[in-house]
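Peer 1: Protein chains in written order, with our numbering: chain A, 1 to 259; chain E, 1 to 259; chain V, 1 to 259; chain S, 1 to 259.
Calculated directly from the structure, the hints in this document are not laboratory data. Quick reminder that beta carbons are idealized off the backbone N, C-alpha and C, glycines included. Please note: incorrect hints may appear among the correct ones.
Examples of chain E residues lying across from chain V (beta carbon under 7 Å, computed) [as the list claims (entries may be wrong)]:
no.	residue
1	K86
2	Y156
3	R162
4	I245
5	N247
The chain contents come next:
Number of protein chains: 4
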Amino acid sequence: MMIDIQNQPDFRNIPIDKVGIKGLKHPVIVRDKANGSQSTVAEVNMYVDLPHQCKGTHMSRFVELLHTVNTPVSLDSLTSILEDMKASLGAKSAHIDISFPYFIEKTSPCTQSKGLMDYNCTIIGSSNGRKKADIVLKVAVPVTSVCPCSKEISDYGAHNQRGEVLVAARFHKFIWIEEIVNLVEQAASCDIYSVLKRADEKYVTEKAYNNPKFVEDIVRDVAKVLIEDSNITWFSVSAENFESIHNHSAYAYIEHSRD
Amino acid sequence: MMIDIQNQPDFRNIPIDKVGIKGLKHPVIVRDKANGSQSTVAEVNMYVDLPHQCKGTHMSRFVELLHTVNTPVSLDSLTSILEDMKASLGAKSAHIDISFPYFIEKTSPCTQSKGLMDYNCTIIGSSNGRKKADIVLKVAVPVTSVCPCSKEISDYGAHNQRGEVLVAARFHKFIWIEEIVNLVEQAASCDIYSVLKRADEKYVTEKAYNNPKFVEDIVRDVAKVLIEDSNITWFSVSAENFESIHNHSAYAYIEHSRD
Amino acid sequence: MMIDIQNQPDFRNIPIDKVGIKGLKHPVIVRDKANGSQSTVAEVNMYVDLPHQCKGTHMSRFVELLHTVNTPVSLDSLTSILEDMKASLGAKSAHIDISFPYFIEKTSPCTQSKGLMDYNCTIIGSSNGRKKADIVLKVAVPVTSVCPCSKEISDYGAHNQRGEVLVAARFHKFIWIEEIVNLVEQAASCDIYSVLKRADEKYVTEKAYNNPKFVEDIVRDVAKVLIEDSNITWFSVSAENFESIHNHSAYAYIEHSRD
Amino acid sequence: MMIDIQNQPDFRNIPIDKVGIKGLKHPVIVRDKANGSQSTVAEVNMYVDLPHQCKGTHMSRFVELLHTVNTPVSLDSLTSILEDMKASLGAKSAHIDISFPYFIEKTSPCTQSKGLMDYNCTIIGSSNGRKKADIVLKVAVPVTSVCPCSKEISDYGAHNQRGEVLVAARFHKFIWIEEIVNLVEQAASCDIYSVLKRADEKYVTEKAYNNPKFVEDIVRDVAKVLIEDSNITWFSVSAENFESIHNHSAYAYIEHSRD
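So that you can see chain A by itself, here it is in the shape it has in the complex (with noise of 0.2 Å):
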């Protein structure tokens, strides 16, 4: 009979607040609003409580349980993996985040061309005792924008470039991903297409050059949305310009709590 180290007694008297697996890649279905669902790949954190008494967690049950998930990871589905979480681990407390490319078809604004947009997202979802699981849903969107002072100063032109939109969103009830790339990219000068033909680089490029906004109009003008819904019980954006100007980002980050 092997001995069985991690469950000896430990006498250092000191918690851990988090211990288990950390950038596990692993095949997941995700659930999708126009598809039902989708095939992706994402990276997984999972960690439970240890108590002090406790020398050490059992690493494989973490892979193992991710084994038996056989429903779309979503928003829904995480309440009862930290559960099992802690059931299986003998922990008071659970976390778990997964990251992953989410896929989404948009149409060209003239020609109809379609082509598919990913967003990063990440699903969080800790587990604390025998209160609620707090879910926290993270969607980071790419977006056009135009700087409204090069605009207003130039003779003609305005320098623009990518950006990166990412919210963070506590929810009453489940949200879509789709809901939050939508709302910021009505917040953006412009949205991003994978496909575009003449016609619609022709559109893009007039709509963004008519909506010039700087990183704070784009966060404040999220918030704006997010504020003003009373599903969002807390929420952060930020949004991160890669100038085209410049070697470094311009930045802005509004954090909001309802009460």
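Given chain A's structure and the hints, the job is docking chains E, V and S onto it.
Peer 2: Frame of chain A; chains E, V and S shown alone:
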């Protein structure tokens, strides 16, 4: 009628070797030895040549073409994608590379626990004129390596670490990703698993200790198998050890061409 | 006279928590315990708050201000940089973080061979209103860890690997990067060197084997020292092992506040 | 007396092309046209060949040798490092590549504001037998590019973005990093600065708009200058635009040899 700038003549008299799109994320289905096919997510680069008298290529066609691919991506299907690229862009040469994590179910050596291992793979196709397309398969295999020097000079123990073996190969007949993975895993001190129970952990620890390998040994043992395989017409193999006693890697590389 | 768009009023009534520049690369001189100072290269983020009635901040002032810093960057000098940021931008709060590789000469344990070890460090300062600035030091220390379970259950050998221990700390009085490095290196199975001759390699192999540690052990042993140090007012410590038998990491995390 | 495993004979009859260390971080001093030299931080790879009859190389000697380099790292000094590597390791061939951010002070075009721009550079040296060492300089230059198609077809505005131009070159006589930077910056729609005041921003916006360039144009205009420079014996140039209207890049590549 909109002017087509890309179609205008160019007078600099300089042909371009490769022009196209880089870093496009796209969900793909790839051929899988055990299950027929698997869903994963790829990063794709697609280029064609541009003759000296043409000003620009048509970037949107690359993405549109990728959307029309409706057979599993594999070494087999690259040739027809390359032909489609040349036809669509009016080019003489075409290049595509598709990188993706590929998952293989592995059973642990003692307790038969099942888990998925991920291997980063790239399939690369180049077609130049009327010649047969040049196809290369690249597979990165994480491994365990135990240092033979450390084992020999120490009274007990031996430093070991995760390493990555990267094989690129050209071949006569189709080869499976699984074949490359298998031969590399046999050339390491021990192969790697996502789930190992205690009996498995004892097994892999002792197997690795019994089988110490420098990076030099690993590349030579992989090379030996590939040299003896008459289906392989060219290969390179590198081994990189993320040394546990240093903050840099040990590295070895062999390239070999059959005549 | 050019219009100053950033200076225009804003009517959305939404203050911005952080706005500024991100990802700027800049050569810096940092305080060094052994040599007084050392030259390295930093990545810098600088933000201020923006009140609800202001449309935008002045991005160029951040970079100009960084150029005027003429004392070595250190925990000591952050406060004055933060004050300069608030004054220059007319802001109430300011935040800066500066990340850089930091080099320490280490002598190998047996042959006394000298080599440089690199540690990724970040110094973070935040100033909010009239309160004393909040300063955090983060140091990432690569280490060797030997698995206690693997050692115990195996007839010979034990899997080990490179790991990274990340300490973040708040403190009363100035602390050296070297102090954090030293206490972490003593909590690992063995510390890491850039140059090891054979006699040294025997030493570190045997020392590590005699001193097996889970990630749980490493964070607890680091935490124990930091809890006992009354100069430390808050800390977090994580340990991540790049497992040699898996393609994912083992991870543990403790956060502690001296309330 | 400890056994020297690396020095034992090998019977697999397979020589190794490259063996050594990879990913070592090291502070370096590099030659600087304006100031004589500058301090920066490099990532270094160093390899030698290993004949078929030798089991292993001596990894610690690479790091020791790097520590003895006491002249500024430059294209000039690589040859002597390569000779030292061959002598120290008893090898016939040696390879080193040293990558580092390199800083150049630039003055903004209107307000003469000074700022530092960073350029990622690599110097690569290979020595094989008695032949003259093969030295390559690689410089990555971030630039602004305005899309000629978008400008032409749109009633106003034009999408633009940050791009990166990567030049690799072989040459007869020493060339400065600054020379490559200058010629690339002149081939872009506009060059990039770290500090731009409003008058400067107007200038670069209008200059870029007046000077639209596809990736195809940028690589051709760089190639044109390099082809005409009889000091350059070989070069490759790529341009990658981080498209503001897409989430992927546009890319072009030319390679040219002065036979």
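Peer 1: For the hint on E/N247, just tell me whether its beta-carbon gets within less than 7 Å of chain V.
Peer 2: 5 Å, holds
Peer 1: E/Y156 was flagged as interface toward chain V. Is the shortest Cβ-Cβ separation under 7 Å?
Peer 2: 5 Å, holds
Peer 1: Using Cβ atoms only, decide whether E/K86 comes closer than 7 Å to chain V, and label the hint accordingly.
Peer 2: With Cβ-Cβ at 38 Å, over 7 Å, it is violated.
Peer 1: Was the hint right that E/I245 lines chain V, CB cutoff 7 Å?
Peer 2: 5 Å, holds
Peer 1: Would you check whether E/R162 satisfies its interface hint, that is, whether its CB is within less than 7 Å of any CB in chain V?
Peer 2: Holds: closest Cβ of chain V sits about 5 Å from E/R162, inside 7 Å.
Of the numbered hints listed earlier, the single one contradicted by the structure is hint 1.
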